[in-house]
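Required output: the full structure, derived from the provided sequences and hints.
Sequence lines, in order, name chains C and U. Heads up: the first sequence begins at 5 in the numbering used here, then just goes up one per residue. Heads up: the second sequence begins at 5 in the numbering used here, then just goes up one per residue.
Please keep in mind that the hints were generated in silico from the structure rather than gathered at the bench. Hints should not be assumed to be uniformly reliable.
Ranges of calculated distance between the beta carbons of each label pair, as one might list FRET restraints [claimed, not checked]:
| id | chain 1 | residue 1 | chain 2 | residue 2 | range |
| --- | --- | --- | --- | --- | --- |
| 1 | C | D277 | U | G107 | 25 to 31 Å |
| 2 | U | P124 | C | D321 | 53 to 59 Å |
| 3 | C | N125 | U | G107 | 40 to 46 Å |
Every residue gets a Cβ at the ideal spot worked out from N, C-alpha and C, and that includes glycine.
There are 2 protein chains.
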Amino acid sequence: MRVAVIGVGCSKFGELWEMGFRDIMISAGVEALEDANLEGKEIEAIYVGNMSAGRYVGQEHIASLIADYSGLADLHIPCVRVEAGDASGGVALRQAYMAVASGMHDVVIAAGAEKVTDVPNAVEILSSCADVEWEVFNGANLPALYAMIARMHMRRYGTKEEDLAMVSVKNHKNATLNPKAMFRREIDLETALNSPYVAEPLRLFDCSPICDGASVVILASEDVARKYTDTPIYIEACTQASDYLALQSRRDITTMDSVVQASRKAYKIAGIDPKDVDVVEVHDSFTIAEIIAYEDLGFVEKGRGAELVREGVTMLDGEIPVNPSGGLKAFGHAVGATGIRQAVEIVLQLRGDAGKRQVDAEMGLSLNVGGTGGTAVVTVFSR
Amino acid sequence: MRVAVIGVGCSKFGELWEMGFRDIMISAGVEALEDANLEGKEIEAIYVGNMSAGRYVGQEHIASLIADYSGLADLHIPCVRVEAGDASGGVALRQAYMAVASGMHDVVIAAGAEKVTDVPNAVEILSSCADVEWEVFNGANLPALYAMIARMHMRRYGTKEEDLAMVSVKNHKNATLNPKAMFRREIDLETALNSPYVAEPLRLFDCSPICDGASVVILASEDVARKYTDTPIYIEACTQASDYLALQSRRDITTMDSVVQASRKAYKIAGIDPKDVDVVEVHDSFTIAEIIAYEDLGFVEKGRGAELVREGVTMLDGEIPVNPSGGLKAFGHAVGATGIRQAVEIVLQLRGDAGKRQVDAEMGLSLNVGGTGGTAVVTVFSR
Numbered sequence: 005m006r007v008a009v010i011g012v013g014c015s016k017f018g019e020l021w022e023m024g025f026r027d028i029m030i031s032a033g034v035e036a037l038e039d040a041n042l043e044g045k046e047i048e049a050i051y052v053g054n055m056s057a058g059r060y061v062g063q064e065h066i067a068s069l070i071a072d073y074s075g076l077a078d079l080h081i082p083c084v085r086v087e088a089g090d091a092s093g094g095v096a097l098r099q100a101y102m103a104v105a106s107g108m109h110d111v112v113i114a115a116g117a118e119k120v121t122d123v124p125n126a127v128e129i130l131s132s133c134a135d136v137e138w139e140v141f142n143g144a145n146l147p148a149l150y151a152m153i154a155r156m157h158m159r160r161y162g163t164k165e166e167d168l169a170m171v172s173v174k175n176h177k178n179a180t181l182n183p184k185a186m187f188r189r190e191i192d193l194e195t196a197l198n199s200p201y202v203a204e205p206l207r208l209f210d211c212s213p214i215c216d217g218a219s220v221v222i223l224a225s226e227d228v229a230r231k232y233t234d235t236p237i238y239i240e241a242c243t244q245a246s247d248y249l250a251l252q253s254r255r256d257i258t259t260m261d262s263v264v265q266a267s268r269k270a271y272k273i274a275g276i277d278p279k280d281v282d283v284v285e286v287h288d289s290f291t292i293a294e295i296i297a298y299e300d301l302g303f304v305e306k307g308r309g310a311e312l313v314r315e316g317v318t319m320l321d322g323e324i325p326v327n328p329s330g331g332l333k334a335f336g337h338a339v340g341a342t343g344i345r346q347a348v349e350i351v352l353q354l355r356g357d358a359g360k361r362q363v364d365a366e367m368g369l370s371l372n373v374g375g376t377g378g379t380a381v382v383t384v385f386s387r
Numbered sequence: 005m006r007v008a009v010i011g012v013g014c015s016k017f018g019e020l021w022e023m024g025f026r027d028i029m030i031s032a033g034v035e036a037l038e039d040a041n042l043e044g045k046e047i048e049a050i051y052v053g054n055m056s057a058g059r060y061v062g063q064e065h066i067a068s069l070i071a072d073y074s075g076l077a078d079l080h081i082p083c084v085r086v087e088a089g090d091a092s093g094g095v096a097l098r099q100a101y102m103a104v105a106s107g108m109h110d111v112v113i114a115a116g117a118e119k120v121t122d123v124p125n126a127v128e129i130l131s132s133c134a135d136v137e138w139e140v141f142n143g144a145n146l147p148a149l150y151a152m153i154a155r156m157h158m159r160r161y162g163t164k165e166e167d168l169a170m171v172s173v174k175n176h177k178n179a180t181l182n183p184k185a186m187f188r189r190e191i192d193l194e195t196a197l198n199s200p201y202v203a204e205p206l207r208l209f210d211c212s213p214i215c216d217g218a219s220v221v222i223l224a225s226e227d228v229a230r231k232y233t234d235t236p237i238y239i240e241a242c243t244q245a246s247d248y249l250a251l252q253s254r255r256d257i258t259t260m261d262s263v264v265q266a267s268r269k270a271y272k273i274a275g276i277d278p279k280d281v282d283v284v285e286v287h288d289s290f291t292i293a294e295i296i297a298y299e300d301l302g303f304v305e306k307g308r309g310a311e312l313v314r315e316g317v318t319m320l321d322g323e324i325p326v327n328p329s330g331g332l333k334a335f336g337h338a339v340g341a342t343g344i345r346q347a348v349e350i351v352l353q354l355r356g357d358a359g360k361r362q363v364d365a366e367m368g369l370s371l372n373v374g375g376t377g378g379t380a381v382v383t384v385f386s387r
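Next up, the structure:
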C-alpha cells in the first residue's frame, strides 16, 4: 500500500518556558490535524517518538497521555511510544509508515516530542543515548564522542575546522528564513571559528542546541489520502538500520554503517540513486555529522564531504540543498521530535509551502540518527 | 500471514544483584535462540519493551545496545524499543507480531527487560506510568490508585479483602511449581490478611513485587516456523487499546475500557468466545487488578469477579486457570519484561512444557496492562 503524508504540524523549537510537555505536543498535533482537514476521529493509531520523558519531565507511558490530552482517548486506539535516542522521531515515522504500508491502518499519526528545559542536566541525559557504561561513565559524552569522530576525519581526510564552521554558517543562514527556527540569526565564519571549544576540535557553533519542541505528520494510505488533500506527498521508502552502540566497537568511526545500510536499502526500495534527490535534511547534531552524512548517503565519496560545503553544493541555491530548515544546528534539536521535524520540512519543500527557503524539488530525503549512529532512519519522499 | 512463536526464553525474576541490565537481557535472548534452534543471523528485526531504563539504569537507546551486546550488530537490522509503562512488553510483542503478520519480516524477536534494583526509588519510577502531573504529584502513586479502584469495587459490588487475599494465595501456590519464580513459597489466607496495609484496602500481599528480569519470544511466519520447530504456537490475535491515563478522567474506575476494547477485538479477530480460552495470564500488579480482569475479559459479568476466585474457578485445577506461572504477584513483575513473560508462560502451557504447573489447554490468552489501564494488550494463542 502506497503511503502519503496528508498533514504536518510543528511547534516552535526553543526554550519554551511557557509551555509544558503536553502543551507543546498538542500544539503540533492540532496544527497537523487542521493541515490534513481531519477532526481527529479518523485516526486509527498513534506512534510517538520521545527519547527521555522519564528523565526530562518525570513521565513515562506518554503515548497514552497524548491520546488522553488530545481528546482521542475515547477512540481507544493503539498508542505506542518508541525510543531510539535522538532517532526516536524517525523510528516513530517508520513504525507509522509500516502500519499503513501493511494495510493494517488507513490513517496514522507519527509524532515526536521532547521537553528538555525543565532540568539542569539536559546534555547529560541526552548522552544516555551513547553507551553509558562503556563511554559516558568514562567521560565520553556526546560532544566528546563526535569530537573523536571529527579528529579522525580530519587526520585521515584533511577536513578542517573551517569546513565544520561553514556547515554551521550555512545552517544558520537557512534558519533566518524559517519562522519556527530557534536561532534566526546569521553568523559569519570568524564568529564560528572564534567560539570556544566544547570538545576540541568541536566549538560552540559546531554543536546543535538541544531544546523543546514537537512535530507531527499524519500518514494515510494512497486512496484515503486523496479524500483529504490535493497535495499528498508520498513516502517512497522508510528504512532503519542499527549498529554497535559504542563507538569503540565500530570498524571505522568516520563512517556510520547504519546510515550506509539504511540509505542503500532506501534507494533500492524507492528505485532511485543519490543524485535523484533534490532536497535533504540530515542529522547535524554536530557539524561533522553533516559532512559524514554527505558521504554515507552517497552524495560524494568517503572523505570528500567537506568539498560539498566548501563549494556551496549544499547551500540553499546549490545543487543539493541540505538542511534548508536550518538543521539541528539552527532550527534546534528537540531530540525525539527531530526525526519528525525533518519530515515536516521535506513535505513543505515538496509541496512548495516552504516560504522564503523554498527550493525546487520533486524528491526529498531525511536522515535521522540516534546517538553516534547506533540507529539510523532514512526516508525518501516524492511529490 | 499467520504468525507463530518458535522460541521462548526467560531469565530468573527477582533481585538479580549479580547481573547487570545487559546480562539479564542476553541470558533470556540466548535461551530463546537455543529454544528456536536459531544461530542469530536469521533475525530480521528486534522489538524490545522496556519502561524506564533511562531512570533505572541511566541508559536510553537500548534497542541498539541489545543488538550490539547480543552480537547481532553486524546484521544492521532495525531494533526498536517501545514503551507503555508496564505494558511495554505487550506492546513490543504486538509490534513484532505486526511486522511478521504484514509479511514485512519472517523472523522477529520480541523482548522485554527491566533492571530495577540498582536504584532506591523503584516504586516512584514505576509510578511515572500513571499521570505524574495529575495523580502522582498529588500523592496518588500506583498502589494508591489501585487502592481507589479496589475501594470502589468493594463498595459497589461487595468484593472483600478476603477475596483479594485469595488471589494472592492462589498465585503464590502456583509459583511454588515454577522454578523461575521470585517467590516460591505458599502463603495462607491469614498471613495475607494480617500483612500491613500499603494503601488501604491493599495490603503487602496484594501488591506484586517489582523486580529484575527479561523475557524473549521469537516470532516467525507460519511457513518459516515449520523449518525450526515441530511445536509452533500460533498467535491468533494481538490487539492493543488505550484509555485516559489519569483515573479521574475515566467513566468508571472499576472497569478498564482498554481491556474491554482490546479483548473484544481480539476475540473477534481470533473468532472465539471467552469460554474458548483454556489458560490465562493476567496483569495482577495488584490483586484487585486480577479480579477486574476476570470481568473485563468477559469470563464473568461485571462485579462478580471475586466469585471466580472464591469458587476456585481460576485455580490451577479450576475451569479457567489464571496465572499458572504465579502471576506478577509471585513470579515477580519485571515491569517492561512482564508482557513477554506472560507470553512465554502461555506458550509453555500450550506446548505441554510447563512442568508441574501444566494445565490442559489448546487456547491461551495473555493480558498486559500499563499503569492503571492507560494501555492494554491482549494476545490469543493456540497450538
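A quick look at each hint next to the structure:
1. Distance hint for C/D277 and U/G107: a CB-CB separation of about 27 Å, consistent with the stated range 25 to 31 Å.
2. Separation of U/P124 from C/D321 is about 57 Å and conforms to the stated range, judged on CB atoms against 53 to 59 Å.
3. Checking the proposed 40 to 46 Å range against C/N125 and U/G107 shows it holds: the Cβ atoms sit about 44 Å from each other.
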